[in-house]
Amino acid sequence: MHGDDWNETVEIAADVATGVSRREFLQLAGAGLFIFFATDPMAAFQEPSRLPGRPSYPTDFNAYLRIAGDGRVSCFVGKVELGQGSKTALAQLVAEELDVSFDSVDMVMGDTDLCPWDMGTFGSLTIRQFGPVLRAAAAEARAVLLQMAAENLQLPSAEHLRVKDGVVTYAQDEHKSVSYAKLVEGKRIERHLEKVPAKPVSAFTVIGKAPRRKDALDKVTGKARYAADMTPPGTLHARILRPPAHGATLKELDTAAAEKVPGARVIRDGEMIAVLHEQPDIADRALGLIRARFEPPQPSEDDRTIFDHLLKAAPPLQMVDEKGNLAEGEKLATLVVEETYLNSYVAHAAMETHSAVAAIEGGKLTVWASTQTPFSVRQQLAQAAGFAPENVRVITPYVGGGFGGKSASRQAMEAARLAKITGKPVQVVWDRAEEFFYDTFRPAAVVKIRSGLDDAGKLLLWDYRVYCAGDREARPFYDIPHQRTQSSGGWGGDNPPGLHPFAVGPWRAPSVNTNTFARESHIDTLASKMGRDPLEFRLSHLSDPRMRGVLLAATGQFGWKPAPAPSGRGFGLACAIYSGTYVATVAEVAVDKSTGNVDVKRVVCAQDQGVTVNPDGSRQQMEGSITMGLGYALAEEVRFKDGAVLDRNFDTYQIPRFSWLPRIETILIENRETPASGCGEPPIVTTGAVVANAIFDATGARLRQLPMTPARLKAALLRG
Amino acid sequence: MRRSISFTLNGKPVQLTVDDDRMLLWVLRYDLGLTGTKFGCGTALCGSCTVIVDDEAMRSCVTAVKEIAGKQVLTIEGLSREGRLHPIQEAFLNHHAFQCGYCTPGMIVNAYALLLKKAHPTREEIIRHLDDNLCRCGSHTRIVDAILEAAGSTKGGA
Chain Z
1 MHGDDWNETV EIAADVATGV SRREFLQLAG AGLFIFFATD PMAAFQEPSR
51 LPGRPSYPTD FNAYLRIAGD GRVSCFVGKV ELGQGSKTAL AQLVAEELDV
101 SFDSVDMVMG DTDLCPWDMG TFGSLTIRQF GPVLRAAAAE ARAVLLQMAA
151 ENLQLPSAEH LRVKDGVVTY AQDEHKSVSY AKLVEGKRIE RHLEKVPAKP
201 VSAFTVIGKA PRRKDALDKV TGKARYAADM TPPGTLHARI LRPPAHGATL
251 KELDTAAAEK VPGARVIRDG EMIAVLHEQP DIADRALGLI RARFEPPQPS
301 EDDRTIFDHL LKAAPPLQMV DEKGNLAEGE KLATLVVEET YLNSYVAHAA
351 METHSAVAAI EGGKLTVWAS TQTPFSVRQQ LAQAAGFAPE NVRVITPYVG
401 GGFGGKSASR QAMEAARLAK ITGKPVQVVW DRAEEFFYDT FRPAAVVKIR
451 SGLDDAGKLL LWDYRVYCAG DREARPFYDI PHQRTQSSGG WGGDNPPGLH
501 PFAVGPWRAP SVNTNTFARE SHIDTLASKM GRDPLEFRLS HLSDPRMRGV
551 LLAATGQFGW KPAPAPSGRG FGLACAIYSG TYVATVAEVA VDKSTGNVDV
601 KRVVCAQDQG VTVNPDGSRQ QMEGSITMGL GYALAEEVRF KDGAVLDRNF
651 DTYQIPRFSW LPRIETILIE NRETPASGCG EPPIVTTGAV VANAIFDATG
701 ARLRQLPMTP ARLKAALLRG
Chain A
1 MRRSISFTLN GKPVQLTVDD DRMLLWVLRY DLGLTGTKFG CGTALCGSCT
51 VIVDDEAMRS CVTAVKEIAG KQVLTIEGLS REGRLHPIQE AFLNHHAFQC
101 GYCTPGMIVN AYALLLKKAH PTREEIIRHL DDNLCRCGSH TRIVDAILEA
151 AGSTKGGA
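The listed protein sequences derive, respectively, from chains Z and A. For the first sequence, our numbering begins at 1 and goes up steadily by one. For the second sequence, our numbering begins at 1 and goes up steadily by one.
Please note that the accuracy of each hint is not assured.
If you want a taste of the chain A side facing chain Z, the calculated C-beta under 10 Å gives, among others [unchecked claim]:
no.	residue
1	Thr17
2	Lys71
3	Thr75
4	Leu134
Derived BS3-like pairs (lysine-lysine); straight-line CA-CA distance at most 27 Å [to be verified]:
no.	chain 1	residue 1	chain 2	residue 2
5	A	Lys66	A	Lys117
6	Z	Lys223	Z	Lys195
7	Z	Lys458	Z	Lys364
8	Z	Lys458	Z	Lys448
9	Z	Lys448	A	Lys12
10	Z	Lys448	Z	Lys641
11	Z	Lys448	Z	Lys714
12	A	Lys117	Z	Lys260
13	A	Lys71	Z	Lys223
No lab work stands behind these hints: they were computed from the structure. Only a predicted model underlies this, so the values are computations on that prediction, with no experimental measurement involved. From the three backbone atoms N, C-alpha and C, an ideal C-beta is built for every residue, glycine too.
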């Protein structure tokens with residue numbers, strides 16, 4: 001059935017690619033609409049570190065859109081569908097601006113041959129940053145199509161033309177009408193339209209609705225294909241020998257027994273030792289027969305000693321922001337409070353492990369990969385396997401969760417190298433232990449805060465130092481006259497060697513989980529010391545109307561009654577800004593003081609993300625963020641020692657389960673004045689602090705280390 | 001031991017000559033091309049590989065092929081009949097009870113097993129039954145709502 005299976009795959013792939021090869025596609029693109037952007041849509045988002053020659057979004061909208069003879073619209077984007085609903089939301093943007101039906105839009109995503117360049121899918125930027133690019137492209141296409149329609153219908157101008165479902169009609173005479181499909185077919189047009197405005201919010205008919213997700217039917221029927229579901233004919237499955245610890249060196253190797261397994265092949269390529277077989281489980285069995293002796297690395301940190309090490313090894317603090325004068329703040333303060341907050345390494349633990357299939361044909365390398373960054377992976381593959389980048393194609397099928405962890409794609413390099421050596425398609429699917437071992441964890445981090453209040457309870461001093469988490473959203477949004485924010489190290493690749501015992505990287509809302517946990521916990525500490533209600537204390541230091549808005553919305557729905565903590569009720573509050581979005585969360589917990597168990601009973605979360613593209617999709621992301629956040633708040637912590645990762649599966653590494661679930665209520669603030677901002681991550685940043693604050697309210701115990709395990713809670717209760 | 005194994009898969013007879021110690025997950029995915037059943041942990045900890053064997057939910061990653069000889073196996077691919085989705089699939093669709101979709105086949109199949117045993121489970125019974133099926137995206141509340149709807153149970157349960 002392998003062959004049939006593959007044929008089906010090929011059909012799906014061809015269908016997804018709208019049945020055209022790269023060359024045909026380029027010809028089609030050349031023959032279709034041909035319009036140029038006048039402005040650089042990336043300009044507003046360019047980072048200061050942007051290198052010259054770095055690619056950017058194409059200015060020719062034909063790169064994104066193609067209207068077929070049957071009227072179906074194919075939309076090509078370098079973004080990928082990780083579960084966050086971008087396939088649906090981006091199709092809504094196109095349908096809105098082109099005035100075609102949502103159902104007529106087919107999304108082609110994350111294919112480096114068919115789709116225009118994209119930096120990757122992360123940071124809640126798909127709608128916030130790429131959305132305007134795609135809308136502008138579709139708006140310009142629509143304007144040109146209207147011009148073409150006017151000419152086709154022999155009208156003096158496009159002024160009285162209306163479009164519905166891809167059919168252009170003259171308002172004064174309904175018999176005069178022509179479809180986009182008919183207009184585009186067989187024509188070559190080169191037009192340049194400048195500054196075509198996207199639709200105003202008031203005209204939206206598709207944006208703001210919640211149509212059925214584009215991926216829904218595939219996903220409930222098992223037809224959705226992920227990288228590991230791709231098996232070209234002749235595919236070999238590779239299992240790779242892994243060291244027991246980071247830094248361990250191979251001293252002895254005996255592969256004889258593995259090689260005796262019928263059909264198994266052992267390959268050594270540099271440091272990589274792989275067993276390949278037509279069946280993945282037989283390859284795995286053969287891998288188990290390899291006898292290897294590794295020399296352990298030098299003893300190094302474990303999950304208890306790591307925090308002292310981080311403080312010692314962290315690079316010098318960098319200034320993030322400074323206002324007023326700290327010395328002046330110190331002078332005015334009558335109460336100074338210092339606290340240190342810690343969080344452990346946390347794994348991404350997507351349900352789909354890193355997977356890739358590499359196939360080489362006619363000098364071209366094609367890799368199906370579970371990745372958040374297909375275009376970066378193409379570059380890396382070109383280097384790793386020795387191909388010119390234009391001879392590498394990365395295809396991203398559905399990705400089974402990313403959360404930042406699939407920004408790194410080592411498995412794709414492994415598959416490509418082995419495909420090159422064997423001359424056969426090679427599939428690499430990591431098992432759960434490999435997934436933990438090579439994960440780019442959320443870094444362990446330390447935050448030190450020194451703050452001061454005057455007698456009236458006015459917060460006027462804020463000295464904030466974050467080590468190893470990164471500086472995103474480290475600066476407080478509270479009104480504090482004398483403040484300084486400094487940061488050292490982060491989740492990116494620029495840490496000094498040896499700072500972390502393994503790879504770290506972006507984890508859903510990088511930096512911001514750590515910074516929000518520290519800031520919002522500390523704010524609660526201050527409110528409590530002043531005997532003030534946590535909501536009232538926050539509001540007295542907040543002038544930003546959007547932040548006040550989400551706080552009042554969340555607490556209003558929750559039924560917040562003012563009381564200083566600890567009130568014994570188990571109510572907590574936290575707020576944050578991430579990716580331009582404002583979020584406030586209220587939680588109710590019940591604490592079992594004898595076991596240290598925390599039951600999160602109810603969470604109310606209000607979010608102001610500007611214009612909402614898809615309210616149901618937004619709520620899914622909010623619910624997902626809150627649920628996932630319970631993991632890092634209460635249980636998730638990677639244990640390790642001397643380079644070995646001790647958590648290797650879900651028996652010891654506990655992620656949230658059905659039985660953990662609170663009642664979750666989400667509120668989307670209606671805000672049609674602000675452009676759509678990010679919504680894939682924001683609430684997760686508040687989960688740590690909101691649970692910590694609720695535990696404090698319940699018990700009077702302040703937990704300053706994530707995760708807040710039963711053991712840590714019991715220890716804190718004993719300390720009193 | 002390599003031998004001929006017969007069983008019923010999604011209502012159709014299947015005969016395979018395989019090493020009967022191999023786990024059903026791999027045989028389904030790579031010998032039979034049914035990729036809807038997913039690998040997640042390999043040690044029956046996550047539920048992504050759940051299938052139905054003789055009306056019981058089983059973790060196919062730890063179920064050897066020899067254990068299913070002569071039995072009825074149902075996978076996510078076998079749930080819809082004549083192009084019509086099973087009511088549980090319909091409910092997952094209506095509630096958008098998935099995000100990345102990777103755990104979804106295991107969730108739906110395990111919910112199917114629950115409803116075979118108990119047509120109208122309470123919310124608490126659903127939570128207990130599915131507690132060892134992991135979802136990283138956080139679709140849990142929607143999954144429970146979808147199953148309640150598919151079962152025609154009154155919302156809220158006990």
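* Which hint numbers does the structure go against, in order from smallest to largest? -> 1, 2, 6, 7, 9 and 12
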